[in-house]
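Okay, here's what each chain looks like letter by letter:
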Amino acid sequence: MMQERTLNALVLAGLIAIPLFAYVTDEPFTITLATRTVILAMAAVGLNIALGLGGLVSLGHAVFFGLGGYAMGLLAYHAQTYTPLMEVPFLIEGTKSMPVIWLVAVIVSAFAALIIGYLSLRTSGGYFIMITLAFGQMFFFFAISWSAYGGEDGLSIYVRNGFPGLNTLDPIQFYAICLTLLAIVLWFASRLACSPFGLALNAARQSPDRVRAMGLDPFRLRLVAFVVSGAITGLAGALFADLNRFVSPAMFSWQMSGEIMILIILGGTGRLYGPVLGAIVFVTLEHTLGDISDYWLIFLGLLLLAVVLFAKGGLIGALSSRRTAHG
Amino acid sequence: MANAVLETRNLTKSFGALQVSKSISIDLLPGEIHAVIGPNGAGKTTLIHQICGGLRPDGGTIRFDGQDVTGLSVDARAAAGLARTFQISALAQENTVLENAVLGAAGAKGQGFRMFTPALERADLVDAARSALERVGLLDQQSRLVSELSHGQRRQLEVALALSLSPKAFILDEPMAGLGTEGSKRMTAFLNDLRLEAPILLVEHDMDAVFALADRISVLVYGEIIASGTVDEVRANPKVQEAYLGEAA
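First to last, the sequence lines map onto chains A and B.
According to this note's numbering, the first sequence is numbered sequentially starting from 93.
According to this note's numbering, the second sequence is numbered sequentially starting from 56.
Accuracy of the hints is not assured; some may be wrong.
What the hints assert, rightly or not - Going by beta-carbon spacing under 8 angstroms, a handful of chain B positions derived as facing chain A:
no., residue
1, A133
2, F141
3, A147
4, N150
5, E154
6, A161
7, T172
8, P173
9, A174
10, L220
11, F245
What the hints assert, rightly or not - If you want the footprint, here are the derived chain B segments under chain A, 3+ residues with CB under 8 angstroms:
no., region
12, 78-92
13, 175-186
Simulated from the structure, these hints should not be mistaken for laboratory data.
From a predicted model like this one, the values you see are computed outputs, not experimental measurements.
Beta carbons: idealized from backbone N, C-alpha and C, even for Gly.
Could you build all of it, start to finish, from the sequences and the hints given here?
Next comes the structure, spelled out in structure tokens:
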């Protein structure tokens, strides 16, 4: 058994070494897979703040993933067609600049999380799962019926958006952007987990009465966590759309929400690197087993079952030694 | 009384046809321990819930520290300085003793929403937490998980968390529960000092502790205060002997 820190460092080292090796040996597809891994991991790190620390089982995080995706899609679509996004009451033009798109994705998904959280955090347990699922479906069907932006067919963006000083069409450079963002998000999540807010959120999951008796409102703690969580997943959504140069309602689907959650459960709920390891295993299985059989999800299901039944704390918990999930 | 720290006036509460609080008026004066006793099902916990804000009374008012808090939430009352302990320990079990105490300090200082600095690197929070732990004698247990603590130690931690609020009044719900003779004695001595910090409204079954500590006792039977006064007055009260002490003695 190794320390969880050591394991985390190994995971991070792998995320640096493997794509570099693929770059040297000229295997761009491996780099694309790694990019997909890193982006899905980021989406799940976002959800992990709500799920792992806050105990909020949101089955609607695809909303934020999709909003991030569509923020990118809409802005880039209007930039590539040279049409304004809107003219009244004021002019908003499209853009192909990644930093601007990220900012919009984060703001839009944070705002959506504020509204959805405000309404759904009044419930808990099964009701919370159902209401977040319902919001997800609302956005899904809205995207399908919004024919101005491709409806069911989605939106294709022909050229990947730009980042100052980098060639984002080069897989390794785009990967570097995504990995850097993931590292920042992980750093932030690790600070948050042991901050007073993280402690309070964690305590609100274990004993809401205790938190109230300390003068803190569990609802507000959870709402803030939900917003932070949604914003991070939204950022991942914008990157995901840029990776594929395509957005479609599938990003809003409940299967997407489930997939993000599976990454966390696989890797370790509440563990900082749980979502990252989960995403690595998920994408690896998807690629290797997906080649062998169309029914590869059966094997994923078996693995998930084994992890849930036998590994407390997910794969991170099984591979490392630490007494609790937090701290 | 004008200078009461905490005061309820004509508090009423019903669950359906069952009236659990019948016009309850009690107050808590500076420096005193006011014990509320009564047989099981008398409505003591319901009374505490109303005072702390978890339950809305159907009628009546609650004043705390000079303001009407009847409409305030639990957390708003706690932030105003009303500290409570729970009958059944309510703690973050997966966290360490120190983390729990730091959370208390963060809540007390209104810093529960700071998310960029690790709580254990905040010297002011850690110092406040350690001094609260030291006062209840738990400092040597600070890095243990709450789930590993004994029942008595959890009761101590409950009190430490209440202390960390720097409260204006304590509401203690059966702090002696499950402590054993020796533990009860120590807790009694501790509470005797605690009253210097802030007055205590004490709900307790342990009569030895109540008689040793209380300046005043109110006896609650079927949602009604049937007697209120000093220890001797209450002991001598025939209604109390009949309704409560009589059956126990």
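Hints, verified against the model:
Given hint, B/A133 at the interface with chain A, holds; its Cβ is 4 angstroms from that chain's nearest Cβ, closer than 8 angstroms. Taking 8 angstroms as the C-beta contact cut-off toward chain A, the hint placing B/F141 at the interface holds, the least distance being around 7 angstroms. Hint status for B/A147 relative to chain A: holds, with the closest Cβ pair at about 4 angstroms, below 8 angstroms. Hint status for B/N150 relative to chain A: holds, with the closest Cβ pair at about 7 angstroms, below 8 angstroms.
A least Cβ separation of about 6 angstroms between B/E154 and chain A falls short of the 8 angstroms threshold, and the interface hint therefore holds. With 8 angstroms as the threshold, the beta carbon of B/A161 comes within range of chain A, its nearest partner Cβ sitting at about 4 angstroms, so the hint holds. With a cut of 8 angstroms, the hint placing B/T172 at the interface with chain A holds, because the nearest CB-to-CB distance is about 6 angstroms. The beta carbon of B/P173 comes within 4 angstroms of a beta carbon in chain A, closer than 8 angstroms, and the hint placing it at the interface holds.
For the restraint placing B/A174 at the interface with chain A, the shortest Cβ-Cβ distance is roughly 5 angstroms, inside the 8 angstroms limit, so the hint holds. Evaluation of the B/L220 hint against chain A yields a held restraint, the C-beta minimum of about 7 angstroms falling below 8 angstroms. Violation of the interface hint for B/F245 is found here, the shortest Cβ-Cβ separation to chain A being roughly 19 angstroms, above the 8 angstroms cut-off. Counting residues of the region 78-92 of chain B whose C-beta lies closer than 8 angstroms to any C-beta of chain A gives 0; at least three are required, and the coverage claim is violated.
Coverage of the region 175-186 of chain B by chain A holds in this model, with 3 residues showing a Cβ closer than 8 angstroms to a Cβ of that chain against a need of three.
Going through the hint list in order, the structure does not satisfy hints 11 and 12.
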